[in-house]
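Student: Each step along the sequence shown adds one to the number in my numbering, with nothing skipped, and position 10 is 10.
Derived by calculation from the structure, the hints in this document are not laboratory data.
Nothing here was measured: the structure is a model prediction, and the numbers come from that model.
Worth double-checking, as some hints may not be accurate.
[Said to hold, decoys possible] In silico DSS-like cross-links for lysine-lysine, where the CA-CA straight-line distance does not exceed 25 Å:
1. Lys50 with Lys38
2. Lys89 with Lys38
3. Lys50 with Lys87
4. Lys50 with Lys31
5. Lys94 with Lys38
6. Lys87 with Lys38
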Amino acid sequence: MPHIHVTCAIIERNGLVLAARRRATMQLPLKWEFPGGKIRDGEDPGECLKREIREELALEIDIAGELAPATHHYPDFIVTLYPFICKAKTFGFKLAEHAEAAWFPPGELAGLDWAEADLPVLDAYLDSLDIRHLVKDLCPVLCGIRNTF
Numbered sequence: 001m002p003h004i005h006v007t008c009a010i011i012e013r014n015g016l017v018l019a020a021r022r023r024a025t026m027q028l029p030l031k032w033e034f035p036g037g038k039i040r041d042g043e044d045p046g047e048c049l050k051r052e053i054r055e056e057l058a059l060e061i062d063i064a065g066e067l068a069p070a071t072h073h074y075p076d077f078i079v080t081l082y083p084f085i086c087k088a089k090t091f092g093f094k095l096a097e098h099a100e101a102a103w104f105p106p107g108e109l110a111g112l113d114w115a116e117a118d119l120p121v122l123d124a125y126l127d128s129l130d131i132r133h134l135v136k137d138l139c140p141v142l143c144g145i146r147n148t149f
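Construct the entire structure; sequences and hints are all you get.
Tutor: Shown next as structure tokens:
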């Protein structure tokens, strides 16, 4: 069974996240996914991601972080996703591969019909947001406590 290695971008901009919907003629038709693409032999995953996002969306990104890779077994192939949290340098994009793409508030992402391989990536991303918000909310409290000693 073929095993493909794919990068995917969780692209943030102004509090929104970009999701892309696969075309009806593609494998996993009309499923939502984080955009990205196959890693070429010897290619750095981060460079692969930037190349794929330029090719698929005509969008420039900066990589801000990584999440743990996620492997999913489909009936005909295995895919390992290498997710990166990215910042979009611009808001606009042009579709070259997908049926559609849109910016969503993070709280609305779970309501989309995702490709199964992207679901653990989505969960990890949303969990990371909860941690970021918790740290952001608690930091002033903890810093205040620390300063009283």
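Student: Each of the hints needs a verdict: does it hold here or not?
Tutor: Against the structure, the hints:
Pair hint Lys50 plus Lys38 holds up; C-alpha atoms about 12 Å apart against a cutoff of 25 Å. Of the supplied pair hints, the one linking Lys89 and Lys38 holds, its CA atoms being roughly 23 Å apart against a limit of 25 Å. In summary, the hint linking Lys50 to Lys87 is supported, as the alpha carbons are separated by about 11 Å, within the 25 Å threshold. For the hint linking Lys50 to Lys31, the alpha-carbon distance of about 22 Å falls within 25 Å, and the restraint holds.
As the CA atoms of Lys94 and Lys38 are separated by approximately 20 Å, the hinted pair is consistent with the 25 Å bound. A distance of roughly 20 Å separates the Cα atoms of Lys87 and Lys38; the hinted pair therefore holds under the 25 Å criterion.
The structure meets every hint from the earlier list without exception.
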